[in-house]
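Taken in order, these protein sequences are the chains called F and V.
All residue numbers for the first sequence refer to this note's numbering, where the first residue is 366 and numbers rise by one.
All residue numbers for the second sequence refer to this note's numbering, where the first residue is 10 and numbers rise by one.
None of these hints come from the bench; they were simulated from the model.
Watch out, some of these pointers could steer you wrong.
[Stated by the list, open to error] Only part of the chain F face toward chain V is listed, based on derived beta-carbon distances under 7 Å:
no., residue
1, 427
2, 434
3, 436
4, 523
5, 526
6, 530
7, 542
8, 632
9, 647
10, 649
[To be verified] Chain V residues, not near chain F, derived (Cβ > 12 Å throughout):
no., residue
11, 54
12, 89
13, 152
14, 198
15, 199
16, 289
17, 421
18, 422
This structure is a prediction, so every number in the text was calculated from the model and none was measured.
For each residue, glycine too, the CB sits at the ideal point set by N, CA and C.
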Amino acid sequence: MTANAPTQPPAAPPTPLGRKKVRGIEGARAWQAFWLLLPTLIAIILVAGFPLYRTIFFSAQEANLTSPGQATFIGLQNFWFTTAEGIGLGFLQDPQWWTAVRNTLIFTVFSVALETVFGMIIALVVNSAFAGRSFLRTAMLVPWAIPTVVSAQMWAYMYNDSFGLIGQGVLGGQALLADSSTAIWAMIAVDVWKTTSFMALLILAGLQSLPGDMYEAADMDGASKWTQFWRMTLPLLRPALLVALVFRSLDALRVFDIMYVMLGANVAASTSMTGYARQQLIDNQLLGVGSAVSVAIFIIIMAIVVIYVTAFRVKFD
Amino acid sequence: MKKAIALVSLTAAIAASTQAGAVQVTLACGTVGQELQMCKDGTARWAKKTGNTVKIFESPNLTNDRLGLYQQQLAAKSDAIDVYQLDVIWPGLLAQHFVDLKGKIPAAEVNEHFKGIVAANTVDGKLVSLPWFTDAGLLYYRTDLMKKYGYSAAPKTWAEMATMAKKIQDGEKKANSTFTGFVFQGKNYEGLTCDALEWLVSFGGGTIVDDSGKITVNNANAAKAMDTAASWVKTISPAGVTTYGEEEARGIFQSGNAAFMRNWPYAWALGQSDDSKVKGKIGVAPLPSGGNGNAATLGGWNLGVSTYSKNQAAAIDLVRYLTGAEEQKIRAVEAAYNPTRPALYKDQAVLKANPFFGSLLDVFTSAVARPSGPTKLKYNQVSTAFAGAVSDVMAGKTKGAAAVKKLEADLARIKGRGW
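Can you build the whole structure from these sequences, using the hints too?
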C-alpha cells in the first residue's frame, strides 16, 4: 500500500477548475491500485481469512475431528461450562491450560530478554571493523538456518542422560528434560542458541543505519565509548530494537516445535499454549475445544502486540 | 472376420492385463526397529506375486504421533494411503473410515487368527482390520549377569526384581558408570499407559476403567503400584527413564548398559542380531507380579483398508497376503513379530528362532487389553490423563494415593455424560 506512495506527484496548487480533474486522476489511480491489490487481497482471504473464520466458527461448536460435518452449536461452553454435578468442562477451567500459559510466558520473557542482550553484544562486535568480519556475519546465522525440528532433536540427544554430550558429559548423568522445572530452562537455552543470531542480525541492520560522523563528534567532545553507547547508540536504536522485540515475542509465544520434539506431545501440552491446543485438537479429537483454545491464543497474542505498540509507540515503517 | 475377432480379443486381453498390473497400493506401516524393512520386504513379495506395485508411506515412530497423522488423512478423505497399520486400540476410534472386511474375506480365514484379537478389531459387528502381529509386554534380562551375581531364575515379583537389579547395578557400576538396573517406557505417552497398566493389574489395581465403563482406578492397589514404580526412578532406573520410549530403552539394554528391560517382543530379534553387544546373553520372562499374578498389556498392530482408497480390491488382497500364515511366519522367524495365528506357535522354524514363544504362549493369549473398548472415542483422553498421573508420581510431584484420587476426578470430567 505504501509502495505506490512515492510515485504520486506533489499535489498541484488547487484551482477551482483543476480540482475536479485532479480528483478524477486520483480516483482512477485509486481504482487502479485497488485492481492491482485485488489478487493479493483474494489470496489473503483464502489462505488467512478462511481458516481464521473456520477456527472461530468451530470454537463455538461441539465437534469431533474425525467427523467435522456433524457439529452442534454450544456457544461459549468450550471456554467455560460447569455441569450440574459441578464438573468444569471448559478449557479455561482446566489447570493444565493455565500451567501451559505460565510456562509459555516464562519461556517468552526469559528467551527474548537473553536473546536481546546477547544479540546486542554480537551485533556491536560484528559491527566493528576487523579481519574476517564478513565470514563471522555469515557463520553466526548457521544456528538460525537449521530447521527447529532438527536442532531440537539434536539438543534432545545432547541432553540425554545416558549418552548425551551435556546430560552425561557435562552434568554426569543428570536428566534435565525429565523434570519440568529444569526442562523449561533447557528449552530456553535451545531457543537462545538458535535465535540470538536472528536478533543480532536485526540489531546490526539498525546499527549500520546510524551516522558515523556523530560518533566522530562525540569522540572529539571526549565522550567515553560507554557514554556513547548509552546516550547515542541505544536511543537511536530504539525503533529497530522494538520491531525486533515484537517479532521475537510473537515467535516465542507461538513456540511449539521445541517443546513437542524434546518433551513429547503430552508434556508439551502443559509447557506451551500451542502444544495444549494441539493435544485437544489432534490427540483428543476435540475440534471445538481445540479451536476455542486457538482463538484464546490468538486473543492473547493480539493483546500483547497492542500493549507493545501502544506502550512503546512502535512504528513499523 | 476371424482376424478381427482375434485382434479385438487380443487388445482386450492386453488392456485387461495392463489395467490389473497398473495398480499401485500405498501402505502406511510403522518404523520401530526393523519394522520398516520387514514391511518393505513383505510388500515386495506381494508385488512380485501379483504384478502390482506398493508404495510405503513412512509413519512416525510414536503411536500418538501416528494417530494424529492418520486422522488428518482420514478426516480429509484422502486417497493417498490405501492400507493403514492400526494399533489395537484404534478400531473404535477410526471404524467409520474403514472398509468392512466381513464378507470380503472368507470367514474361515478370519477365524484362523486369535479370537480375542479379532474381537478387538470388530466394532459393532464391523470387521475394521485384520490382525498382523500381536504384542505383549515382556521382561528381558541379562542371563550372563544373573549368573555372575548368583541368580538362577528370572524374578517372580517386582520386589525381587528390584533387589536383583540393585545388586547387579551396584556391582557393574564400578566398571561402567552408565550401567543401570531396569529400563522401561517411562516417557509420558501411550507407552507409559501400557507399562503402568501392567503394574496396576499385577498389583490387583484393575484396568483404570472396567468393561462396563465404571471408573475403577481410585483404589489402594493402584496407588501402591504407582508408588512402587516411583521408587525405581533414581534407584534402579536412571532419572532419565521418564523420557524413554521403546527405542531409548532398547538402545540402553542392547548396548549392554542395563540388567532388566520391559519391552515388546520385537526387541528380541534385534538384541540377538550381530551388531548387538548382548547377543546370546538375553533371557525373556513374563513380567513380575505385584501380588496378583503377572500381567502383560495387549499390544499389536492390524491392517485395515481405507474407504477412500481407489484400489480397494488390490488393497484387500495385500492385507490378506500380509496377514497370511506364510508372511507371518517369515516375520516371526526374521524379526520376532508375534503371529496372530495360534497354529504358528507350534511351527518348528518359528520356535527355533524364538524359543520363548512356546513357553510364553500364555502371556500372549491372556494379555490385558487397555480400556479402549468401554471408553470408545474418549480412550485417548483417558490414556493421556492416566499417563500424566503416573508420570507425576514418578517425578515425585505427588504420591500414588493422591494421584489416583485426582485421576478419578479427571476421568469423571472426561467422561462427562458418558463415554
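Is the interface hint satisfied for residue 649 (chain F)? The criterion is a beta-carbon contact with chain V at less than 7 Å. holds, 5 Å
- Query: Does residue 523 (chain F) pass the interface hint, meaning its C-beta sits closer than 7 Å to a C-beta of chain V?
  - Reply: Check failed: Cβ of residue 523 (chain F) comes no nearer than 13 Å to chain V, outside 7 Å.
How about residue 434 (chain F): closest beta carbon in chain V under 7 Å, or not? violated, 10 Å
- Minimum Cβ distance from residue 54 (chain V) to chain F greater than 12 Å, as the annotation requires: Given that every Cβ of chain F is farther than 12 Å from that of residue 54 (chain V), nearest at about 33 Å, it holds.
Checking the smallest CB distance to chain F, is residue 89 (chain V) really beyond 12 Å?
holds, 17 Å
Original post:
Can residue 530 (chain F) be said to touch chain V, with a Cβ gap under 7 Å?
Top reply: violated, 14 Å
Supplied contact hint for residue 526 (chain F), tested at 7 Å Cβ to chain V = holds, 3 Å
Against chain V, run the beta carbon of residue 647 (chain F) and see if the smallest gap drops under 7 Å. holds, 4 Å
Taking the shortest Cβ-to-Cβ distance between residue 422 (chain V) and chain F, state whether it exceeds 12 Å. At about 5 Å from chain F, residue 422 (chain V) fails to clear the 12 Å cut-off, so the statement is violated.
Query raised in the report: Holds or violated: is there a CB of chain V closer than 7 Å to the CB of residue 436 (chain F)?
Result: violated, 13 Å
inquiry  = At 12 Å, judged by beta carbons, does residue 198 (chain V) keep clear of chain F as stated?
reply    = Incorrect as stated: the minimum Cβ-Cβ distance to chain F is 5 Å, not above 12 Å.
Against chain V, run the beta carbon of residue 632 (chain F) and see if the smallest gap drops under 7 Å. Holds: closest Cβ of chain V sits about 5 Å from residue 632 (chain F), inside 7 Å.
Of the numbered hints given earlier, the model fails hints 1, 2, 3, 4, 6, 14, 15, 17 and 18; all others are met.
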